[in-house]
Every structure is written in C-alpha cells, then in structure tokens.
Amino acid sequence: MTAQTHDGAHLAAPRDIDGLRSRALIAGVVGLVGCGLGFVFDRDHFFRSWLIAYLLVLGIALGSMALLMIQHLSGGAWGVFRRVFEASSRTLPLLALMFLPIVLGMGTLYSWTHAEHVAADAILQHKAPYLNVPFFLIRALIYFAGWIGIAWTMSRWSRRQDEGDMSVNKRLQYLAGGGLVFYALASTFAGIDWIMSINPHWFSTLFGFIMVAGHGLSALSFTIVVSTFLSRRAPMENILKPSHFHDLGKLSLAFVMLWAYFNFSQYMLVYAANLAEEIPYFITRISHGWQYVALFLVVFQFIVPFLLLLSRDLKRMPHRLIWVSFALLAVRYIDLFLLVSPEFASTGANLHMVTGAHESHFYVHWLDLAAPLAVGGLWLWMFFTQLAQRPLVAFADPYLREAMESTGGH
Amino acid sequence: MAPPEQPHQGRVTPPVIAPGHTFRSVTDKIGGIVLTKRTPIGWFVGFGIGFIFLLVLNVTIGNLLVTGIGIWGNNVPVGWAFDIINFVWWIGIGHAGTLISAILLLFRQQWRTSINRFAEAMTLFAVACAAMFPLLHTGRPWLAAYWLFPYPNTMGLWPQFRSPLIWDVFAVSTYGTVSLLFWFTGLVPDLATLRDRAQSKGVRRIFGVLSLGWRGSARHWHRYEMAYLLLAGISTPLVLSVHSVVSFDFAVSNLPGWHATVFPPYFVAGAIYSGFAMVMTLAIPLRKFYHLEDFITMRHIHNMTKVMLVTGMIVAYGYANEAFFAWYSANPYEAFMMSNRMTGPYALFYWTLIAINAVMIQLFWFRKVRDNIVLLFVLSLLVNVGMWLERFVIIVTSLHRDFLPSSWDMYAPTRWDFAMFTGTIGLFLSLFFLFIRFLPALAMFEMRTIVPEAKMEHEHRG
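Heads up: the sequence lines are chains A and B, in that order. Count along the first sequence from 1, then add 5; that gives the number in my numbering. Count along the second sequence from 1, then add 77; that gives the number in my numbering.
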C-alpha cells in the first residue's frame with residue numbers, strides 16, 4: 006500500500022462490482038416495468054412515486070458532490086472516500102435524464118400549472134411570476150447545468166491530478182468554493198420548486214437547510230454502505246481503517262442532529278405561531294394517520310440513530326455501522342414520502358384547505374415500492390459503472406497522506 | 078530544527094507554531110507574560126481606557142436603578158431595543174469561544190490550540206456583558222431571580238414556560254456555567270505550571286489554591302483528558318442551542334420580520350461569524366503587542382478568516398432568503414416589512430449591514446486579503462458593527478411599524494442607551510486586560526503538545 010505510486014493500476018475496483026452492477030440493472034429494469042404499468046394504469050400515482058424516489062437518489066448525488074467540494078477546501082481525513090463521492094456526483098447526467106418524468110408529470114404534481122386553478126386563487130396569481138411552467142423548466146435547466154458542470158469539471162481535473170498535474174489542486178479549490186455557493190442556492194430553489202410548491206400556499210424559510218441536511222445525511226449513509234463493501238476486498242481492505250469509518254460515523258451523527266434540529270425548529274416555530282398560511286402543512290401531517298409516519302421519523306431518523314451513533318465502538322466497526330446507514334437511507338425515503346405524499350392525500354386538488362378532510366387518510370401505493378426499485382436500480386448501475394472507471398483512491402490528492410495516517414480519535 | 082509540518086505540494090500552509098520552539102521556550106514565553114514583575118505601560122493604557130468606560134457603566138446602572146428604565150429610549154411600539162440588541166450582540170460574540178474550544182477539539186483541529194484560551198475567556202466576559210441587559214431591563218435586578226427562575230412557592234406562581242424568554246434564562250445560565258467550567262478545567266495544568274514557576278510566596282499560594290493540587294501525574298492526565306473531552310461533548314450542543322433559543326425569542330411571535338423558520342440556523346451562523354470577528358479583533362493586537370506571532374500564526378488568521386467567510390455567507394443567504402420569502406409568502410405584511418427595511422426610515426442601517434455582511438465579506442475569498450493583518454483588523458471591526466446593525470434592523474424595524482399604522486412610531490436611543498452599551502464594552506475590555514495580565518492567555522500545556530519535541534514521543538493525542 007503505497008500512496009505515492011503514480012499509477013493507479015493496483016487500486017482498480019474489485020471484480021465483484023460487476024456483479025453488483027448487473028444486479029442493480031436487473032432491479033432497475035424490473036422496477037421500470039412496474040413503473041411502466043403504473044404509467045399506463047395509474048399515471049398520477051406513478052409521477053408522485055417517481056418524484057419521491059428521484060429525490061432520494063438526487064440527494065445522494067448532490068450531497069456527495071457537496072462533501073467532495075468541502076473535502077477539496079478543507080482537506081481532512083476523509084480524502085480516502087473521494088472516489089466514492091466523485092462517482093456519485095458523476096451520476097448527475099443520468100439524474101438529469103431521470104428528471105424527465107417529473108417534467109411530463111408537472112400537470113398532476115403541481116396544481117399551479119393549471120391556469121384555471123391559478124385564476125381562482127389570488128395567492129397563486131401573486132406567485133405566478135415565479136411559479137409558471139417556462140420559468141420552472143428554465144430553473145431546472147440552470148440547476149442541472151450548474152451541477153453537472155461542477156461535477157464534470159471536478160472529475161476532469163481529478164483525472165489530471167491522477168496523471169500528475171499538480172496545477173489543478175489550486176483550481177479544484179477555487180471551483181469548490183464557488184461550487185458550494187451554487188450548490189446551496191440551487192438546492193434551496195430546487196427544494197422550493199420540486200417539493201414546496203406541491204403545496205403552493207405553504208412556505209418555510211428554513212426549507213433550504215432541511216434540503217441540505219437531507220442531502221448530507223443520505224450521501225454519508227450511502228458512502229458508508231459502499232465503503233464497507235469495498236473495505237472487505239482488495240485494494241481497499243488495507244487502506245480503509247476503522248478511523249475512517251469513525252469519521253464518517255461522526256459526521257453522520259452530526260447530520261442526524263442537524264436534521265432533527267432543523268425539523269424541530271421548523272415544527273416548533275410554525276406550531277407556536279399558528280398562522281393560517283403555515284399551519285395547514287403540519288395539520289395535514291399530524292392527522293389522518295400521517296402522524297404515525299411523523300412519529301416514526303422522530304424515533305428512527307433521530308432518537309435511535311442518535312443513540313446508536315453515540316457509541317464509539319459502533320462507528321469504528323463497519324460491519325455494524327453499515328446497518329445503521331442502511332436504515333438511515335430507508336428512513337430518508339420515508340422522510341421524503343412524508344414531504345410529498347400527504348399533499349396528495351385529498352384526491353384531485355391537493356389544497357386540503359379546499360377539499361374535505363375526510364379524504365386525507367394515510368396511504369401507501371404499490372408504485373411507492375416500484376419507483377424506488379427503478380430509480381434506485383438504474384442509479385446504482387450508473388454509480389458502480391462510474392466507480393469502476395477510476396482507481397479507488399485519489400492517490401495524487403495532496404491531503405491523502407494525512408488522511409491515510411489518520412488514526413481517528415476520541 | 079525542521080519545520081513541524083511539511084508544506085503540501087503546490088501550496089504553502091503556514092504552520093500552527095513557528096519553527097524552532099521547544100517545551101521550555103513556549104512555557105517561558107507565555108508564562109513570562111504573567112509572572113513578570115514589570116507590567117508594560119501599554120497594558121495600563123489599555124486597561125485604563127476600559128476602566129473609564131466601566132465607570133460609565135457604573136454611573137448608568139446607578140441612574141437606572143434610581144430613576145428607572147425610563148431613561149432608555151425604548152417605548153411603545155418599540156418595547157425592545159438597545160437592551161435586546163446588545164444582549165444578542167454580546168451572546169453572539171461569545172459563541173466563537175465555545176465553537177473553538179468544543180467543536181474544533183472534537184474535530185481534532187490542531188490550530189485551535191493557541192487561540193482557545195483567550196477565546197473562552199472572551200466568551201465568559203461576553204456572556205457577563207450580555208446578562209446585564211435583560212437583568213437591568215427588569216428595572217429591579219434584585220428581584221430578577223424571583224421573576225425568572227421557577228421555584229416552588231406557596232402562591233403557586235410560575236413563570237410562563239411556553240415563553241422562550243424563560244428558555245433563554247436556562248439556555249444562557251447553562252451556557253455561562255459550562256463555559257466557566259470548561260475554561261477553568263482547561264486552566265488547571267497551566268495554573269500548576271505558574272505555581273511551580275512563581276518567584277514570590279504570595280503568587281505561589283494563589284496559583285497553588287487555584288491549581289487544585291495538580292501534580293501532573295499520569296493518572297491526573299488520564300482523568301483530565303477524559304473530563305476535558307466530556308466537557309467538550311457537553312458544550313457542543315450549546316453552540317447551537319443558545320443562539321437558537323435567542324432566535325426563538327423573536328421567531329415564535331407572529332410579527333413579520335421576526336417570525337421566520339430560518340431564524341435558528343441563521344442566528345447561530347451570525348453568532349459564530351461575529352464571535353470569530355471579535356476573536357480576530359482581540360488576537361491581532363494581542364499577538365503584536367506581546368510578540369506572540371510565533372504562536373498565533375498566519376495559519377490561525379487564515380483559518381479564522383475562512384470560518385468568518387463560511388458563516389458570513391450563511392448569514393448573507395439568510396438575508397436573501399428573507400427577502401425572497403417576503404415576496405413568495407404573498408403576505409402583504411411580510412412584503413411591507415421588507416420594503417420598510419429596504420426603503421423606510423432605517424434603510425441606511427439595512428444597506429450598511431448588507432454592504433458589510435453580504436458584500437464586504439467577499440474580500441475574504443482572496444488570499445491577499447487573508448494575508449493583510451491591518452486590513453483584517455479593520456474588517457473584523459466592521460463585521461462587529463455589521464452584526465450589531467443586523468440586530469438593530471431585525472428588532473427595531475419590525476416593531477416600529479407593525480400591523481396597525483396608527484401605532485407606528487420611530488425609535489431613537491437616548492444618551493443612557495449609549496452609555497450602557499459603551500459601558501459594557503468597558504467592562505469587557507477591563508476584564509480582558511485583567512485576564513491577559515494575571516492568567517496565561519494561551520494554553521501552555523496544549524501548546525507544548527504541538528512543538529516538534531512532542532511529536533517524537535507520542536504522535537497522537539486524544
């Protein structure tokens with residue numbers, strides 16, 4: 006294990022990755038067939054389920070890209086995970102493609118796309134300069150252009166770094182600085198566009214932070230899962246140490262706490278102020294069965310992972326940590342489910358202020374299981390394809406020595 | 078002797094301690110500031126200035142207690158003004174200390190070592206200054222405990238637990254207590270060093286009592302490190318919680334400009350931002366005056382600037398967010414609040430704070446700026462001004478024109494408002510000067526772990 010060797014051949018991905026790739030592809034295709042059936046027989050539900058699943062994998066990719074940029078800026082001991090982050094962020098072109106169903110489904114997802122609906126609603130008329138179809142599409146184009154541009158450039162310079170060109174180090178830092186600013190702004194507005202505007206009356210200024218915390222949490226959990234797999238095989242078995250998992254575990258703990266902090270703040274402040282324009286969002290989610298989903302999240306996206314991740318031993322044992330991370334990814338999906346689905350519980354119009362409360366009961370649709378299979382499978386296939394293309398360690402990273410020597414602490 | 082850190086390829090990172098230092102030179106240099114018999118004349122000048130303003134504070138408090146809080150300018154509709162502005166400003170400043178001592182310790186950031194001690198002291202003094210405002214705002218501070226703390230009483234009277242003001246009492250008092258414990262715990266080994274090096278019997282006795290019988294045995298160190306880590310763990314949530322609770326004071330209300338869900342993280346970022354600005358404001362003259370450039374190196378200055386850039390960007394994001402949602406909410410009162418901030422009678426304050434906190438901080442992106450000590454000193458002072466203005470704008474512009482135009486009015490502080498504010502700056506400066514004269518302003522024992530000598534024996538701490 007010599008990090009200084011200027012050739013990544015011995016750091017190639019293990020062969021098992023091909024097996025994972027094909028399995029992911031099969032799962033994706035099976036899911037796609039399900040989604041195809043859904044598209045034909047229950048189009049409205051298909052779009053909703055697709056949106057939820059899509060947001061989960063998008064969060065992993067964007068969170069990984071943000072962590073990668075932070076790593077370029079701050080150095081630090083998680084440089085050994087750089088290639089996982091890079092592979093995740095290189096999936097963004099596929100994610101842009103997978104956004105197309107959402108564009109197709111705008112009419113059923115977003116009530117503000119209907120002119121007659123807007124005409125009857127003074128608030129929506131006020132928001133029309135922002136919430137209109139052309140501008141929505143232009144914004145989506147800007148987000149994806151920016152994200153893909155950043156990911157692609159970082160990936161290119163990373164390859165040049167592998168080839169021994171140290172002049173990119175500085176440029177990577179500059180790009181990361183500007184890139185983080187773009188990431189934060191684009192993620193905020195994407196959150197407003199794709200999630201918040203499902204209920205176009207509702208708003209919360211904290212929403213961008215909640216998006217970013219979700220991205221970070223899903224990206225860290227995913228990275229732990231993948232790295233645990235890699236750590237059992239050559240070449241990473243000698244490189245990834247308990248201390249590296251310890252660091253990711255600590256960051257996961259921090260993001261679990263941040264997620265809870267943001268969500269608690271939002272809930273408490275809206276609850277205490279009890280204003281007509283804000284409170285319906287939470288009334289929807291604390292009644293008609295949805296409250297159990299919300300409570301489930303309190304317990305399983307905060308209390309249980311928080312208590313588990315406090316343990317130093319657990320964080321240093323990848324074979325145990327991986328289960329917490331798996332669970333966190335699953336819970337992330339439920340979190341996104343709760344962000345999206347209750348708004349559609351009242352059939353037809355999602356404005357629960359208008360329709361009767363009796364139609365708002367909790368439901369899970371079979372497409373909510375098929376869509377994650379399709380989106381997740383295809384995305385994983387892309388991820389593993391990307392991961393296998395480069396040496397698994399960014400061996401020319403200027404911080405790598407520090408990262409490999411890290412013993413972890415506390 | 079070789080420099081302690083190899084610069085990375087393609088970049089030169091300044092070291093956390095200048096080359097050539099040994100255990101002895103570190104102890105001599107830092108301990109010498111305290112144990113010398115000759116107090117530098119500049120110290121007297123600085124302390125004297127602080128002390129004069131402290132006297133102003135005493136006069137103000139005297140007048141306040143005799144006359145009542147009517148000497149302040151706040152009145153309906155602006156019932157909260159300088160008292161809360163200054164409270165939030167000081168509490169915010171305190172945050173850098175806790176962040177440096179607790180979070181950077183947990184993240185094993187070695188560069189915290191030479192700035193943690195005086196940043197923690199700064200936290201304590203800032204909390205002391207902050208606490209004066211709500212206490213004196215009660216008008217009868219000797220009754221404040223009776224009003225603020227819930228205690229079982231025969232009348233069955235309790236404070237309103239649903240009010241964030243009561244949460245504030247707990248948050249701030251917890252914060253003060255934990256910060257004090259953390260600071261004192263960190264001091265113990267250094268106090269023992271001073272005890273052992275003191276020349277006069279009286280000094281030795283004082284440091285002897287304060288060092289709690291520290292002998293530096295392996296067992297002492299083992300337990301000490303454990304205790305220090307635990308305290309760091311306890312302090313970490315406080316960095317977020319205290320200013321979040323302060324933000325709740327505003328955000329639970331229904332007032333446009335106060336009720337925003339983004340307030341907690343946005344206030345916390347602002348607190349850390351202003352706190353680092355204050356650490357910078359103090360560190361730059363300190364290192365110059367006591368020739369501590371070897372210990373508070375350009376690495377520290379760079380890193381502090383970067384923390385200010387990150388947190389300042391979050392604050393700027395908060396401003397943009399508020400402006401966007403004032404429109405997006407489609408709520409006419411929100412929209413009015415924003416236009417009143419931008420074009421109303423206090424617009425100058427709003428645009429000044431935007432110029433500082435959103436525009437000026439972009440300078441921190443540039444290495445040339447981060448290398449320019451004089452400029453950084455000026456900029457850090459400006460950040461303190463900008464963050465004070467931010468609180469002024471949030472508090473006053475939201476109150477002075479609320480839902481009912483018939484109750485609109487302007488707010489202007491009186492001379493006693495200014496006397497109270499500058500007085501607390503005097504208190505802060507006086508305490509800080511006393512601290513650097515009588516206690517080691519940098520953690521000697523921690524500095525000794527980062528000299529090259531320490532690396533030979535044990536590579537890693539913690």
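Think of the hints as simulated: they come from the structure by calculation, not from any bench. For every residue, glycine included, the Cβ atom is placed at its ideal position computed from N, Cα and C. Possibly wrong hints are sitting among the right ones.
Here are the simulated lysine-lysine pairs, BS3-like style, with alpha carbons at most 27 Å apart [stated by the list, open to error]:
| id | chain 1 | residue 1 | chain 2 | residue 2 |
| --- | --- | --- | --- | --- |
| 1 | B | K365 | A | K175 |
| 2 | B | K445 | A | K175 |
| 3 | B | K383 | A | K255 |
| 4 | B | K365 | B | K278 |
If we take Cβ atoms under 8 Å as the criterion, some of the chain A residues that face chain B in the derived model are [stated by the list, open to error]:
| id | residue |
| --- | --- |
| 5 | A133 |
| 6 | V138 |
| 7 | F140 |
| 8 | F141 |
| 9 | I143 |
| 10 | V186 |
| 11 | S209 |
| 12 | Y266 |
| 13 | Q271 |
| 14 | P396 |
Hints versus structure:
1. K365(B) / K175(A): 31 Å, violated
2. K445(B) / K175(A): OK: K445(B) and K175(A) at ~15 Å, within 27 Å.
3. K383(B) / K255(A): 22 Å, holds
4. K365(B) / K278(B): 32 Å, violated
5. A133: 10 Å, violated
6. V138: Check failed: Cβ of V138(A) comes no nearer than 17 Å to chain B, outside 8 Å.
7. F140: 13 Å, violated
8. F141: 14 Å, violated
9. I143: 17 Å, violated
10. V186: 7 Å, holds
11. S209: 5 Å, holds
12. Y266: Y266(A) check passes; min Cβ-Cβ to chain B is 6 Å, inside 8 Å.
13. Q271: 5 Å, holds
14. P396: 18 Å, violated
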